[in-house]
Amino acid sequence: MMMKLLSGDSPRSKMLSAVLLLILFGLMFAPFLFPGTRSLDTAARICIFIVLVASYDLLLGYTGVVSFAHTMFFGIGAYGTALALVNMGASYSAIVLGTVCGALVAGAFAFVIALFSLRVKAIFFAMMTLAVASAFLVLISQLSGITGGEDGLSYRIPREMTPAFKLIKEKVLGVRLNGKLITYYVVFFSSLCLFLVLLRMVNSPFGRVLQAIRENAFRAEAIGYKVVRYRSVATILSAVMAALAGSLMAIWLRYTGPATTLSMDIMVDILLMVVIGGMGSMYGAVIGAVLFLLTQSYLQDLLGILQESLGSLPVVSDVVSPERWLLWLGILFICSIYWFPKGVVGRLRGT
Amino acid sequence: MSDALLTLKGVHTHIGPYHILQGVDLVVPRGGVAVLLGRNGAGKTTTLRTIMGLWQASQGAILFDNAEIQKETTPAIAQREIAFVPEDMGIFTDLTVHENMLLAARSGAIDKERLNWIFGLFPPLKTFWQSAAGNLSGGQKQMLAVARAIIEPRKLLLIDEPTKGLAPAIINAMIAALRELKEMQTTILLVEQNFSMARAVGDTVAVMDDGQIVYSGEMAELADDAELQEKLMGLSLEAHQ
Chain A
1 MMMKLLSGDS PRSKMLSAVL LLILFGLMFA PFLFPGTRSL DTAARICIFI VLVASYDLLL
61 GYTGVVSFAH TMFFGIGAYG TALALVNMGA SYSAIVLGTV CGALVAGAFA FVIALFSLRV
121 KAIFFAMMTL AVASAFLVLI SQLSGITGGE DGLSYRIPRE MTPAFKLIKE KVLGVRLNGK
181 LITYYVVFFS SLCLFLVLLR MVNSPFGRVL QAIRENAFRA EAIGYKVVRY RSVATILSAV
241 MAALAGSLMA IWLRYTGPAT TLSMDIMVDI LLMVVIGGMG SMYGAVIGAV LFLLTQSYLQ
301 DLLGILQESL GSLPVVSDVV SPERWLLWLG ILFICSIYWF PKGVVGRLRG T
Chain B
1 MSDALLTLKG VHTHIGPYHI LQGVDLVVPR GGVAVLLGRN GAGKTTTLRT IMGLWQASQG
61 AILFDNAEIQ KETTPAIAQR EIAFVPEDMG IFTDLTVHEN MLLAARSGAI DKERLNWIFG
121 LFPPLKTFWQ SAAGNLSGGQ KQMLAVARAI IEPRKLLLID EPTKGLAPAI INAMIAALRE
181 LKEMQTTILL VEQNFSMARA VGDTVAVMDD GQIVYSGEMA ELADDAELQE KLMGLSLEAH
241 Q
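Quick mapping for you: the protein sequence lines, in order, are chains A and B.
In this text, residue positions in the first sequence follow UniProt numbering: the first is 1, and each later residue adds one.
In this text, residue positions in the second sequence follow UniProt numbering: the first is 1, and each later residue adds one.
Watch out, some of these pointers could steer you wrong.
Only part of the chain A face toward chain B is listed, based on derived beta-carbon distances under 7 angstroms [unchecked claim]:
1. Gly-36
2. Glu-150
3. Pro-205
4. Ala-217
5. Arg-219
The calculated DSSO-like cross-link candidates involving lysine-lysine, where the alpha carbons are at most 27 angstroms apart (straight line), are [said to hold, decoys possible]:
6. A:Lys-4 <-> B:Lys-112
7. A:Lys-121 <-> B:Lys-71
8. B:Lys-71 <-> B:Lys-164
9. B:Lys-141 <-> A:Lys-226
10. A:Lys-342 <-> B:Lys-71
11. A:Lys-226 <-> B:Lys-155
12. B:Lys-126 <-> A:Lys-4
13. A:Lys-226 <-> B:Lys-71
Stretch by stretch, here's where chain A covers chain B in the computed footprint (C-beta under 8 angstroms, at least three residues) [said to hold, decoys possible]:
14. 71 to 78
15. 97 to 109
These aren't lab readings, by the way, just hints derived from the structure by calculation.
Idealized CB from N, CA, C, for every residue including glycine.
Next up, chain A with everything else stripped away, as it sits in the complex (with noise of 0.2 angstroms):
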């Protein structure tokens, strides 16, 4: 049965094994576990974000396409949710029409990237998919009428997925069941759906014939298979779960902005991840996505502590200072990327 879930890809190393089920239980406990908006919070964007980098890592580990534009999708997906949201009020009809329309956007724009770019060498696509990215964030600021410009849009979502909405009065294990606690599980199954889905596609046929052509474009060709076909399928398929991701931060958050969606400080998240976690497994945006946002997250409080604690040490403790979190978050990935060249899940599975 489990098996079966996983489409036959099992983590095929016990650490591993232990590693993504600590991470599925926390996540599925984690109002009851971790209680607080924060943790909370952080809980709802590793959900979000491990569908967001599987899918990223569909295209660059499954397929070898290096693109640019993958926050554009985000962007797009948590757009059409949060303007169907604005233009149709806080209803569920406006959320499953935002999301499907949002979804149907991103396919339409990855097919016509490409349709227009993956026939030319790999650097070109990369260059490609930054500009028309770059472009679609000046484009979104401008429209401010419609998007909000930089402001974003905040809206309201419908009233049971709300803090206010109270499931039963009592608190259960010292939690509040509210909308709040509805929302989040409606992000954790929606996240887990969508992930196994993704490991089902890079499980397929599709998925070998995507690896086939990672590996060697010309071979993958020789044995008959149209590689422009099956690369154009793979950027459709990988936008629109990142906009399907993009539409669950929209109704997370109730609130849409380009600093939220379509940066690219996002885009350079997205791939940090995929190369902590390992590139070519679907397990390894699960790990990159955990490892980086509780880094992101928790590492300014932790250089509290730790200045808190080497108080008596001048030199020392300004070294630690929360302030330079962003310092030692870069030292961290770079000590990360040193002894896992093959990301977590390869020094976990000892390839």
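Here the structure of chain A is known, so what remains is to put chain B in place on it, guided by the hints.
Frame of chain A; chain B shown alone:
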């Protein structure tokens, strides 16, 4: 074995500024093994790659099963049931032996009876069925490359130097496999530098030099005529033996 399955008529191929094939005329009879011989750089590999569409013929015609294929894309040519085993074997090293074979099975599933026959030809493939192809030895990789080409019946096999750099035991396994394929009336165009291998399996032979066919005829004729061998391949005869 009378009519031609593949015919090249005055085929020219340019690679960048280089004029590699300079009017190749070649006939591969249906159901037989045609061997393409020649020194290094004569244009043998380019001939196979041009047939597969990996290099575009700039002039001339390539007829397969009476249809012109020189303008078609590589996948379209492969879908005409032509399998190509390149010199570098062309296997996918990150995938397992099983996955490599599945990629070549156009129906999406492997016929068990045929797979058992292939395991009989190349037993190591059964042993390393779930291993990454990149972990195989050179000879095993070559076995996989040929096995992948024959996982389903094909009309034509293009095989580029299957014995290059292999141990004698592996070469014997390869000769046995090609002989079995020959008995099954599979049409093969074999590029080979090892003359004993070529003699063991070939029905017809063509010798290339400087991008042209300089001799074509029956293999038995060339094998029995030392003078002709000397004349055609004098400079490289030692390398062929």
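- Query: Broken hints, numbered, in rising order?
  - Reply: Checked against the structure, the hints that fail are numbers 1, 2, 4, 8 and 10, while the rest are satisfied.
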